[in-house]
Structure formats: C-alpha cells, structure tokens
Amino acid sequence: MVLRNKRLLMVANMIPKCECMADIGTDHALLPIYLVLNGKCNRAIASDVKIGPLQSAEKNIKRQNLSDKIETRLGSGFEVLKTGECQVAVLAGMGGILISRLIEDSFDIAKKTPYLVLQPNTEEASLRKYLFDNGFEILDENAVMDKGHCYLAVLCRHVPGLVSDYDEIDLVVGKVLYKKDTEGRIVYYRDLRQKADKVLNKLEKVKNRTEEIEKRIVEYKKVLRWIDENVEGI
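Each residue of the sequence shown is one higher than the one before, counting from 16 in the numbering used here.
There's no promise every hint is true.
[What the hints assert, rightly or not] Using 25 Å as the maximum straight-line C-alpha spacing, the simulated SDA-like pairs for lysine to any residue come out as follows:
id	residue 1	residue 2
1	Lys213	Met160
2	Lys74	Asp42
3	Lys194	Asp182
4	Lys230	Gly248
5	Lys195	Lys230
Note that these hints are calculated values from the structure, not bench results.
Make a model of the complete structure from these sequences and hints.
What follows is the structure in structure tokens.
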C-alpha cells in the first residue's frame, strides 16, 4: 500500500517501530493499515469517536485482510486504551487545543505511553505550551506542505519531573525543528513567515488600536525578526 497523502506519510515516517500503535481519530484507518503492511508495527488499534468513520475504517481493514492485526474501537481519545497497551499513540488531523484536551482527559494513560506522535492542524503554539507545561519532551518535529496547507508533526514522550524552560517565541517557532537540516524546516518557516507577515499587515492598518492589538503587533514583529535572523533560504 502506498500513502499518497503527504501529511499522513510524514506522520508515518515519524513513528518508531513498535509492537502495537494506536491511531486515535483514525477516520479511514489508512495510517495503521500502512504501518502494519510495511512492518512498522505488528498490531494496531484504530479508534474514532464517530461510528461512521469507524465503519469506513473497518471496511478498509477487511479489504486489506488485516482484521486479525488491526482492531477498531469506538470512543474518545485515550479512553479507548489500557495503560501500557501500545508503545506509540497518534493523534493527527485535529486542532492543537483538542489534542491537548484529549491528553489531559486521560493523562495517566497518555503519559505512560512511551511515544506520542501529534499532528495539529491548527494551534501549534498552544500544543507546544501544553507539552512543555506538563512534563513532555519534544524529541522531533517535521513539516510538510500538502494541498496548500503546511502541516506540523511532533514526536514526544513524557519524562517524570521534567521542567522545560521556554519563552513565548519558542512556542511559535519550535526550536526542535529549527535545529534540523531538512526540507520540512524550510517549508515550516516559509509558511510561518508568510502567515505572520499577512496578519501583521492587517493589524498595522487598524486605526484605533487597542492594547491587545499593539501587543500582537509586537509579537508578530518578534517572530518575523527571529525568522530573518535565524533561518536562511526562505
């Protein structure tokens, strides 16, 4: 099976080889099917909070003759899992705040899962802040442009007692991705720069600026300055 979805392929490439993985919010189960067929994991759990997507997942799993390898479960977040059941859990294609809430709702299970692969569609800074504030270490980040949208993926793990030092700009720019020499690094910062520049232009056109708008202008200028000073080739 070939994954033609660049976003899912990026997520798949970030997943460590394991005995069992869980795809939380699986939709059509394309990711666990790909991982099992390609030997990245021996077993998988595909879960979704809605019955419709789960039925689609079951059809795809049966079509690939993987019903003995991939189990489907109906439910929200980590509540479908038992502690230590999987070595990797994936939450992809959701907002960063929703991902944070799903981790928080079943924190004991989430923190005891050796690796989490998170792919937020939005609110990336909020997700990084949650991870830093709750003892998670970000091990890797990558980004890809797919159908005109830039997607970020994060590999992390919980480390008991870990305290992360960070400032606000760390949450926006992602210092782990910055240290990599990859195409994803260029893609991410080029997209971030374009978005920040667009928002800044709109804010600067506001005539009667509130204190909040002035604060946001300063923040976006800081992001643009950081990118200009630290990232070449964009």
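Now the hints, each set against the structure:
Using a Cα cut-off of 25 Å, the hinted pair lysine 213 and methionine 160 holds, with the two alpha carbons roughly 18 Å apart. Restraint check for lysine 74 and aspartate 42: satisfied, since their Cα atoms lie roughly 11 Å apart, inside the 25 Å limit. Among the hinted pairs, lysine 194 with aspartate 182 is consistent with the structure: their alpha-carbon atoms are about 17 Å apart, no more than 25 Å. A C-alpha spacing of about 29 Å is found between lysine 230 and glycine 248, which places the hinted pair above 25 Å, so the restraint is violated.
Distance hint between lysine 195 and lysine 230 is unfulfilled; the C-alpha atoms sit about 30 Å from each other, more than 25 Å.
When held up to the earlier numbered hints, the structure conflicts with 4 and 5 and fits the remainder.
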